Amino acid sequence: MKLVIVAGPPSSGKTAVIRQIIRGIPGMATAYLKIDVTRAFEVEELVQEFGIPAKVVYSGDLCPDHAGVMVLADALSWAKNEGADLLIVESAGLCLRCAPYTTQALGLVVLSATSGIHTPLKMGSMVALADIAVITRTDLVSQAEKEVFSEHVREVNPSLELIETNAVQGTGMRYLLREVEQFPAITDAGTIHLRGEPPLGVCTICIGKKEIGWQNHFGVVRTLDGADYLYRGD
Amino acid sequence: MPAPSNHSGMHCSTGHTISILPGRTRTGEHEPFDRIDIGPGDTISIVGPTGSGKSAFISDIEVFARGDTATGRTILVDGRLPDEAFVRDPAQKPVALITQNTRCLTDLTVRDFLAMHVRSRKIEKQGIIGETIALANEFTGEKITEEARMTALSGGQTRSLMVADAIMVSCAPLILLDEVENAGIFKDRVIDVLRLHHKALIFVTHDPLVALMSDRRIVMKNGGVAKVLEPNGSEVAALRSAKEMNVLLSRMRERIREGDLITGVA
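Just so you know, the sequences run in chain order A and B. Okay, so the first sequence: first residue is 0 according to numbering that gives the first Met the number 0, each after it adds one. Okay, so the second sequence: first residue is 0 according to numbering that gives the first Met the number 0, each after it adds one.
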């Protein structure tokens with residue numbers, strides 16, 4: 000079984016791209032897992048359209064990428080039991096600190112060309128750690144902006160495969176389908192791990208401290224000016 | 000109108016010949032042509048009723064279809080399937096598509112917008128920004144200034160600037176215009192200037208003047224090419240009338256805009 004992990008900001012066209020993958024590789028039995036925070040609508044839509052096994056996980060008190068890592072091992076067993084050749088995991092696409100991509104998985108970042116030319120520079124590891132950037136809605140922006148947008152993606156990650164598409168029509172999709180088809184299957188699910196480095200600081204907000212100001216927090220803290228990070232003992 | 004100025008675009012490489020190999024209509028019939036070649040300086044209009052496959056035709060060219068789109072057409076560059084980088088790298092891609100939906104979203108001045116594009120293209124040529132704006136101003140009656148903000152330009156100014164940018168900065172040898180005739184640009188001017196620059200131009204159009212000004216006319220029906228017309232001068236009289244009517248209508252348009260009552264045709 001193959002694993003594809005899709006990230007990208009909300010409303011960038013992730014689900015439209017996933018639809019094109021499912022439609023474009025009909026010979027491959029696909030299972031789909033959506034990880035979101037509060038509400039998601041994709042599962043019903045995809046089940047209705049393709050009749051594939053699909054699940055949604057609401058991250059609730061966990062950050063969505065954290066939730067993704069937690070459930071991924073179970074999700075691989077679930078997809079395998081469903082007889083899938085391909086598991087597509089779609090992240091909520093919120094956090095610009097971490098990225099949900101793992102080893103032995105194809106990491107896709109979906110970016111909308113209409114989101115502004117500086118977007119690729121703001122996306123951090125979501126772009127830096129991906130294998131492929133799919134740029135959607137390229138039919139709506141000028142040639143100049145398209146070129147500058149791609150240039151910025153390359154600035155963040157020069158080895159990234161770039162695919163321009165109007166995902167609703169499916170133009171340019173053939174290159175993405177080829178990458179998915181050629182990507183190797185998981186060799187050893189027991190050794191899959193997150194590609195990026197998780198945050199250094201343990202979050203005191205996560206344990207319920209809501210006061211503002213670094214003086215009220217412990218561990219790795221930050222001030223407005225001066226040093227980058229400070230360590231404040233418990 | 001002044002004579003077309005001699006914009007150099009000297010850093011641009013020479014044009015390519017793009018060929019279209021036939022596909023199928025919506026009902027599966029083969030398209031009745033062997034191959035359509037488009038070379039530097041060619042002007043082609045795509046005509047046909049709404050839903051006849053005009054936009055799909057230029058979309059095939061834009062994505063360099065190789066039998067993998069709904070129409071089954073294949074696009075060749077200089078007689079062979081193009082290299083992938085040529086198709087996928089926006090800076091190498093020899094085609095610029097401009098539609099009614101195409102927008103500039105970046106909130107910069109015209110000068111900074113063009114400078115950003117010039118930088119990303121690594122073009123060293125001095126004065127290219129001024130030349131691009133001057134060229135754009137040949138396509139529109141509403142003058143574009145360097146200090147204007149991109150987001151404040153009118154539809155006609157935006158489209159004019161995009162065409163000028165595609166010629167001067169992108170160096171695109173083939174420009175696809177999808178129904179931009181109502182967008183407030185001098186379409187006859189665009190055709191003249193693009194010929195002068197040896198650019199190939201494909202217009203999806205419902206406009207008689209544009210259709211008659213083109214060297215060839217591709218007639219679409221039921222998702223496929225029905226005919227390729229080469230008038231070879233046989234439409235000269237019709238073109239002359241269309242130009243005269245265009246002048247008349249332009250003059251009326253200006254007067255209507257000024258708030259005049261139009262009580263005579265002259």
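Everything labelled a hint here was simulated from the structure, so no lab data went into it. Mixed in with the good hints, there may be bad ones.
Said to hold, decoys possible - Residues from chain B shown here face chain A by an in silico Cβ test under 8 Å; the list is partial:
{"no.": "1", "residue": "Asp67"}
{"no.": "2", "residue": "Gln99"}
{"no.": "3", "residue": "Thr101"}
{"no.": "4", "residue": "Leu104"}
{"no.": "5", "residue": "Thr105"}
{"no.": "6", "residue": "Thr108"}
{"no.": "7", "residue": "Arg110"}
{"no.": "8", "residue": "His116"}
{"no.": "9", "residue": "Ser153"}
{"no.": "10", "residue": "Met161"}
{"no.": "11", "residue": "Asp164"}
{"no.": "12", "residue": "Ala165"}
Being a predicted model, the structure only gives us computed values, none of them experimental. Ideal placement from N, C-alpha and C gives every residue a C-beta, glycine not left out.
Tell me if Leu104/B is really an interface residue toward chain A, meaning its C-beta lies closer than 8 Å to one of theirs.
-> holds, 6 Å
With chain A as the partner, please determine if Thr105/B meets the hint condition of a C-beta pair closer than 8 Å.
-> holds, 6 Å
Return the status of the interface hint for Arg110/B: holds when the least beta-carbon distance to chain A is below 8 Å, violated otherwise.
-> violated, 13 Å
At a threshold of 8 Å, is the proposed contact between Gln99/B and chain A supported by beta-carbon distances?
-> Since the shortest Cβ distance to chain A is 11 Å, the answer is violated.
Is the interface hint for Ser153/B satisfied, with its Cβ closer than 8 Å to some Cβ of chain A?
-> With Cβ-Cβ at 15 Å, over 8 Å, it is violated.
Supplied contact hint for Asp164/B, tested at 8 Å Cβ to chain A = Holds. Min distance 5 Å.
Evaluation of the interface hint that places Asp67/B against chain A, nearest CB under 8 Å = holds, 5 Å
Identify whether the interface hint at His116/B stands, where standing means a beta carbon of chain A within less than 8 Å of its own.
-> holds, 4 Å
Interface hint outcome for Thr108/B [beta carbon to chain A under 8 Å] | Violated. Min distance 14 Å.
Answer holds if the nearest beta-carbon of chain A is closer than 8 Å to that of Ala165/B; otherwise answer violated.
-> holds, 6 Å
When the nearest CB of chain A is found for Thr101/B, is that gap smaller than 8 Å?
-> holds, 6 Å
Using 8 Å as the Cβ threshold, decide whether Met161/B counts as touching chain A.
-> holds, 5 Å
Consistency with the previously given hints fails for numbers 2, 6, 7, 9, ordered from lowest to highest.
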